[in-house]
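Colleague: Work the whole structure out from these sequences, hints included.
As a plain string of letters, each chain reads:
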Amino acid sequence: MAAIGIVGLVKRFGAVTAIEALDLEVGAGEFFTLLGPSGCGKTTLLRIIAGFERQNAGDLQVGGRLANDIPAHQRDMGMVFQNYAIFPHMSVFDNVAYGLRQRRFNRGEIGAKVSRALDLVRLGGYERRFPDQLSGGQKQRVVLARALVIEPQVLLMDEPLSALDAKVRVGLRRDIRLVQQELGITTLYVTHDQEEALVVSDRIMVMEAGEIRQLGSPREVYEDPANLFVATFIGTSNLLDGRVDRSGGGSVALALGARLDLPDLQAADGTELHLALRPEHLTVLDDGPVPEGLVALEGIVELVSYLGSQSRIAVRIPGVAEVVEVEAPSAAPASALPSGRPVRLGFRPESAFLFAAASGERVR
Amino acid sequence: MAARRKVASAGLRLPDLWTVLTLAALAVLAIFVLWPLANVFTASFYGEFSGSLGLENYATFFGSGYFRRALWHSLFTSAMGTLLALALGLPLAVIAARYDFVGKAALRVLVLLSLISPPFIGAYAWIMLLGRQGLVTQALAGIGIGLPTIYGAPGIILVTALNLYPLVFLLVHGALLRIDRSLEEASLGLGRTRFQTFRSITLPLTLPAMATGALLVFLGVLSDFGTPALLGENYPVLATLAFTLFLSEIGGNPAMASTTSVVLVTVALVLILLQRWVASRRNYATDAINRPEILRMAGWQRFAFPAFAWGLMAIANLPLVIIVYTSFLETSGPVFLQSFSLDSYRQVFHLVRGAIVNSFAFSGMALALIVVTGSVVGYIISRRDTMLTRVLDTALMIPYVIPGTVLGIGFITAFNQPPIWITGTVAIIVAAYFIRRLPYMVRACASYVYQIDRSVEEASINLGAPPGKTFMKIMLPLMAPGILAGAVLAWVEVINELSATVVLYTGTTSTMPIATYSQVLAGSYGPAAAVASLLILATTLSLVLFTVIGGSDRELTV
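Here the protein sequences line up with chains A and B, keeping their order. Mapping the first sequence onto the working numbering, position 245 (from 1) lands on 245, and the numbers just tick up by one. Mapping the second sequence onto the working numbering, position 210 (from 1) lands on 1210, and the numbers just tick up by one.
These are computed hints drawn from the structure, not numbers from a lab. Mixed in with the good hints, there may be bad ones.
Under the rule of at most 20 Å between Cα atoms (straight-line distance), these lysine to aspartate or glutamate pairs were calculated in the EDC-like manner [claimed, not checked]:
1. B/1473 with B/1453
2. B/1469 with B/1453
3. B/1469 with A/94
4. A/113 with A/127
5. A/167 with A/195
6. A/113 with A/175
7. B/1473 with A/94
8. B/1473 with A/132
Selected chain B positions facing chain A (in silico; Cβ < 8 Å) [as the list claims (entries may be wrong)]:
9. 1137
10. 1140
11. 1458
12. 1464
13. 1466
14. 1478
Virtual Cβ for every residue (Gly too), placed ideally from N, Cα, C.
Modeller: Structure below.
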């Protein structure tokens, strides 16, 4: 049974439509991420589920029951906020105990539950501290414990890591995922950080302008993007222009001149295309002949960025608007190329995603 | 279970708690602000002689030299008082913001003290110094020097400016500290001198603050009753004229009193609108990352700047010293004798004990209402942005602009018949205090609520606390400093309230300011000084409390 069901949900702010006829089912125990750029409606959707906003149309079901008219304080959902929302005038203990006291647990139970929750977020022993004595990461752990301790039906997280330093962020997101799996709690997680979404989620819903662009596992949205928006929003995609042309050899003519042979193309002749290549699908070729099955591109090294085990090589290709990014092991000779050096790149046509330029929809 | 019940009743959802409270607050403002004002407004259109509807009273007003003079007096004293307040407040603000000198830390407290002391106390003290029997006047007359009179315009301008210059100081000082250092450094770096930089960068950036300060001073002088009542003598201004017309012993003239009130309110409204218009066109919201640097005083400045600051402090707070000092002198009518005694206090406790008790009781009751209503309304207008709350926010400006005398006249006109028949009772005075100072509390609370992240509240609701409980358990504790600061200021204002009380009080509902006022008019300077000293004590203690709890200047300037 779905933990959360949404049918035909619409949310407007005045004349602006924030969410457009959205349907969604989140399974029990699932870690479900709403991912998209700011203004895409992901936070609005979370706030509707939490009961802080009310939809203009459509139904929200929680645990199989219609929840449209349940006020926010009766929804039984734990929420973690972007800017902590820790109660500054209460100790860590009182913060975590807040929801339990509201639910009239007795003192003994409250004490036991609070210390278990604090242990879970690795803050055992911090009960007497006050928020101003905690780091950002610790505050967010307190808030997480505060949301979990009431054993809510659903855990809602609104960009919980975005106010934190990079290092803390990575540690905490791992902890969030571990705790979620340990408790098996249905979690809705909002973020604009695609890397974060890929790391923590069971499923990701990619949103743009109030609509779902793709819904799938992290692997699916990265390795099989449904449209140009998803291909460029998640991970890096290098874009080359082309058009469908089955008149000569092959089926696609690149604006740069090369022709590709892709038999399973779902587009009519003359359709303008964007061809997207992940950086790991491009290789730097040596001076010999182009290996069998590869298409070559000529360019000039603009900048090599060292990223540890891997390096990113930015290549300027005449006739391509954006710099093309290539990933190579730092140990490879290519990652030692000086700026300004001519370079030849190769890729396998079948590794490319093809999108119709007009609609952005995937055609292969 | 709860879910099912709620879904079933979805068709007839009740308005939420905050909507109900917003409507209640609007109802209170409608009854205690709009209704009295509407009464005054209506009365002004019913002819003084004919009793028929029309502009007869306005024709009388603008046709008579007497009324026109009062209008002119009001405008003249307000304008001159504002100019003098600017002349005092601006240099002080610059000196305090940009230079260090001995005792600078105490400056703010002394400035605040002269602001929150009621002007009629200043007026009375200056009469004791420069009036006909005044200490300075007598002393100088003894060596053959005659002083210009303090009665009439000069006294009103001097007293109100010394009372209200702190508004200019607080606003401009705040604005100066918000100008980022980099702005002036950029100008200096471009080759401008310090003085040119000050003139072309610093001064223009403080203009909005200056304009707001000037407007507040102008409104303050315009609506002040105590100072012109004590110093005016044959120099009527609108506020005193409305009062005299309304409560004249030879039969009041409510029609012309109302007309005068409407003219007074109109002038105030025009100014407020003008200021809002100016502020909306010129708004440089800057927030300094680096505060401006403290400059070193050079040459003559090392003497002149501290001398100016301390001279002003001494003169502005001199009235308080004089009053406390003379309250311990033996007196005979308006003449102070050379020996100390507690006679004045004995007389006061004997004669006006009721007024003292009343002052604390009325102020206490009003304060309780102000705290409860103000914190809720302050929360509502800063958190809920709906049509209703915006109306409420704007409506709250009205009691701030309406002079006390006018509000008093409106109260009597509106509440001397059913359904609300409270003229002459304690309730009418408490209601007047409550409505006049509610805006202080609302602003003080609102400014704190703005600083509290909305998600803190949502977190509480999310954890199961309903909105009302969330307000009590989360918002109230976090708003506490604002509530306390607002309460202290409201307290100071209500315990010193004269201009509305003087219209509303009866024999049994007299207060300390009324007692001071009538003792001064009766020439009993000793008892007047003693009551005034009690007021000063209450005011000073409140200010100490305000400073200790860390109240900010924002609350003082609304």
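Colleague: Does each hint fit the structure? Answer for all of them.
Modeller: Hint by hint, here is what the structure shows:
no., hint, result
1, B/1473 with B/1453, "holds (15 Å)"
2, B/1469 with B/1453, "holds (17 Å)"
3, B/1469 with A/94, "holds (16 Å)"
4, A/113 with A/127, "holds (12 Å)"
5, A/167 with A/195, "holds (14 Å)"
6, A/113 with A/175, "holds (19 Å)"
7, B/1473 with A/94, "holds (12 Å)"
8, B/1473 with A/132, "holds (19 Å)"
9, 1137, "violated (57 Å)"
10, 1140, "violated (59 Å)"
11, 1458, "holds (6 Å)"
12, 1464, "holds (4 Å)"
13, 1466, "holds (5 Å)"
14, 1478, "holds (6 Å)"
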